[in-house]
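J.: Take a look at the letters that make up each chain.
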Amino acid sequence: MNWLLVVAGAAVGAPLRYLTDRIAKARFGLGLPWGTFAVNVVGSFVLGLLTGVSSERLHLLLGTGLCGALTTYSTFSYETLKLYEDGAKGYAVLNVAGSLAVGLGAVWLGVETARPW
Amino acid sequence: MGTRGELRVVGAVAAGGALGATARYGASLVWPTPVHAFPWTTLAVNAAGCALLGVLMVLLTETRVRVAPHPLLRPFLATGFCGGFTTFSTYALDIQRLLAAGDATRGLLYLGATLLVALAAVWSGVAVTRAVVPVRVTPA
Numbered sequence: 166m167n168w169l170l171v172v173a174g175a176a177v178g179a180p181l182r183y184l185t186d187r188i189a190k191a192r193f194g195l196g197l198p199w200g201t202f203a204v205n206v207v208g209s210f211v212l213g214l215l216t217g218v219s220s221e222r223l224h225l226l227l228g229t230g231l232c233g234a235l236t237t238y239s240t241f242s243y244e245t246l247k248l249y250e251d252g253a254k255g256y257a258v259l260n261v262a263g264s265l266a267v268g269l270g271a272v273w274l275g276v277e278t279a280r281p282w
Numbered sequence: 015m016g017t018r019g020e021l022r023v024v025g026a027v028a029a030g031g032a033l034g035a036t037a038r039y040g041a042s043l044v045w046p047t048p049v050h051a052f053p054w055t056t057l058a059v060n061a062a063g064c065a066l067l068g069v070l071m072v073l074l075t076e077t078r079v080r081v082a083p084h085p086l087l088r089p090f091l092a093t094g095f096c097g098g099f100t101t102f103s104t105y106a107l108d109i110q111r112l113l114a115a116g117d118a119t120r121g122l123l124y125l126g127a128t129l130l131v132a133l134a135a136v137w138s139g140v141a142v143t144r145a146v147v148p149v150r151v152t153p154a
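As given, the protein sequences belong to chains A and B, one line each in that order. All the letters of the first sequence, read from the start, carry residue numbers 166 to 282 under our numbering. All the letters of the second sequence, read from the start, carry residue numbers 15 to 154 under our numbering.
There could be a bad hint or two in this list.
Said to hold, decoys possible - If you want the footprint, here are the derived chain A segments under chain B, 3+ residues with CB under 8 Å:
| id | stretch |
| --- | --- |
| 1 | 178 to 185 |
| 2 | 202 to 213 |
| 3 | 230 to 243 |
| 4 | 268 to 280 |
In short, the hints are calculated from the structure, not lab data. Glycine residues also receive a C-beta, built at the ideal position from the N, C-alpha and C atoms.
Just chain A, with the same shape it has in the complex (with noise of 0.2 Å):
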């Protein structure tokens, strides 16, 4: 039942990743890899979120299985790679440093809006 949720979360975020690649790719070009940044932000806000949730069950299937799957280290690290080797490495870097603020400043975010008060 467990590995079940996670495969149902993740055939979601998977796809939604894809399709908001491409919707990215066809609005701002291939500059910046702004697909990739707006879904590991909203992944990471999500599973911030998901911190006030106590159901285990809603943990796999939106955190471990749908945040998972839509967020990714690995494309981030090649897009990243690849602004690198084709000489954009002002941008290579300003990927890494806006993923890593604007995404930690999400789960933050998350976390907080989810605390009880």
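Once you have looked at the hints, place chain B on chain A.
T.: Showing chain B alone in chain A's frame:
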């Protein structure tokens, strides 16, 4: 590409993503990370996924082969499996947890170590694959 072709690509991404996420979940069950411990398992998963993506992207987009790779291989293996296997959200939340627990040393160490290991892994995957398989003069 027609709508049916698009649906097949989305389906391949979903299937690969589900497989990758399941492998990541399996790794977390085999090597569980205690609360506030250094997240070695997620670090290893992200490093392995980055190395694999580096290898795959050279094989799928840069190699000089007669027969083009099947059009669903990249969405299934690269976008799907590697993307679903690695995770940015768990990485970010684990850093937040370590920092919130007052363990700034471990939090910042994890932040920097994952970044360096992941970039080194993807670069190694790309470099080694380019060295051992014939690649086009200009990478696609």
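J.: Against each hint, give a clear statement of whether it holds in the structure.
T.: Hints versus structure:
1. 178 to 185: holds (count 6)
2. 202 to 213: holds (count 6)
3. 230 to 243: holds (count 13)
4. 268 to 280: Our answer is that it holds, as 6 residues pass the Cβ test (under 8 Å) against chain B, meeting three.
In summary, the structure agrees with every hint in the numbered list given earlier.
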